[in-house]
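All chains, please: the whole structure from these sequences, using the hints.
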Amino acid sequence: MTVSYADVAVGTALPAQTFPVTRFHLVRYAGASGDFNPIHWNEKFATSVGLPDVIAHGMFTMAEAARVVTDWVGDPGALKEFSVRFTRPVPVPNDDQGSQIAVSGEITELLDDRRVKVTLTATHADQKVLGNAVAIVQLA
Amino acid sequence: MALNAALVGRSYPRTAPYLVGREKVREFATAVGDTNPACFDVAAAQALGYPDIVAPPTFAFVVAYAGSSKAALDPELGLDYTRVVHGEQRFVFERPIVAGDSLVAKATIEAIRAVAGNDILTTRVDLDTEGGEHVATTYTVIVARGTAEESA
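Line by line, the protein sequences give chains A and B.
Heads up: the first sequence begins at 1 in this note's numbering, then just goes up one per residue.
Heads up: the second sequence begins at 1001 in this note's numbering, then just goes up one per residue.
Wrong hints could be hidden among the right ones.
Stated by the list, open to error - Okay, the calculated beta carbon distance ranges per label pair: (1) B:L1073 to A:P52: 24 to 30 Å; (2) A:G74 to B:E1027: 17 to 23 Å; (3) A:A6 to B:P1017: 38 to 44 Å; (4) B:E1023 to A:A140: 27 to 33 Å; (5) B:A1043 to A:Q127: 40 to 46 Å; (6) B:Q1046 to A:T47: 46 to 52 Å; (7) B:P1013 to A:K44: 36 to 42 Å; (8) A:G74 to B:P1051: 16 to 22 Å; (9) A:K117 to B:E1027: 27 to 33 Å; (10) A:T108 to B:A1116: 27 to 33 Å; (11) B:L1007 to A:A140: 40 to 46 Å; (12) A:P52 to B:G1131: 45 to 51 Å.
Claimed, not checked - As a list, the in silico DSSO-like pairs of lysine-lysine whose alpha-carbon atoms are at most 30 Å apart: (13) B:K1106 to A:K117; (14) A:K44 to B:K1070; (15) B:K1024 to B:K1070; (16) B:K1106 to A:K80; (17) B:K1024 to A:K80.
Since the hints were derived computationally from the structure, they do not count as laboratory data.
Just so you know, even glycine gets a beta-carbon here, dropped at the ideal spot from N, CA and C.
In structure tokens, the structure reads:
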């Protein structure tokens, strides 16, 4: 499925999603990405450098935010630009529940060439974890 | 320790080619929970107009990392990598990365700043195919906490 430029407007909301993040997700992401920084899997190390707990990879959070865009448009190649600021770490306790990252987005500008600007909001425990999260998306 | 601002504009040699394999794309898509068939199934990717399965967008960071770390680990830069956190990330895509791409990463130091006692490094990485086709550009801002000298 694809989303047509003709069917959207400024203010159109993307379907929001909530993504679980447990130690399992972090270990799996470490392996797939090659980022084995121990702050993402070893709480003894994480707390020794002043963190409250093991924290999620920023790039994992960014990947989940991207999914709100690519799941909506149905094409992983539709994302033309994507930028974020990592404003706050996502701590991930060593339990079965882990943490949750909630991501929503809406169209904030219509651009040329059937592209739109999407502004995303990502929160953990009701606090923003990404700032200036903006995507440029190619629509059909 | 302040970073060596004389390195702004320095580019680093291109990395050895990274051959993007189908199983790596599938592994990465699984790790980020992306279930789009175009990330797994060649026919589904081709139905969207791509030659092979498509990597989720942030996979570009994985390929670019070998390039950006050349800059961050440059001994002349003086970065204390043990105190580094990821501050900002930006991707600009000419097209998505697909399985079969053989990509080289060329890093350039874009900016060096010191803000509130933190050293801040911006590195740009150009990802091109071995054949010279431009695929994507990544911009990574890393922050070394509490390492900047007090400015006079």
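Evaluated hints:
no., hint, in the structure
1, B:L1073 to A:P52: 24 to 30 Å, "holds (28 Å)"
2, A:G74 to B:E1027: 17 to 23 Å, "holds (22 Å)"
3, A:A6 to B:P1017: 38 to 44 Å, "holds (41 Å)"
4, B:E1023 to A:A140: 27 to 33 Å, "holds (30 Å)"
5, B:A1043 to A:Q127: 40 to 46 Å, "holds (42 Å)"
6, B:Q1046 to A:T47: 46 to 52 Å, "holds (48 Å)"
7, B:P1013 to A:K44: 36 to 42 Å, "holds (37 Å)"
8, A:G74 to B:P1051: 16 to 22 Å, "holds (19 Å)"
9, A:K117 to B:E1027: 27 to 33 Å, "holds (31 Å)"
10, A:T108 to B:A1116: 27 to 33 Å, "holds (30 Å)"
11, B:L1007 to A:A140: 40 to 46 Å, "holds (44 Å)"
12, A:P52 to B:G1131: 45 to 51 Å, "holds (47 Å)"
13, B:K1106 to A:K117, "holds (28 Å)"
14, A:K44 to B:K1070, "holds (29 Å)"
15, B:K1024 to B:K1070, "holds (23 Å)"
16, B:K1106 to A:K80, "holds (20 Å)"
17, B:K1024 to A:K80, "holds (22 Å)"
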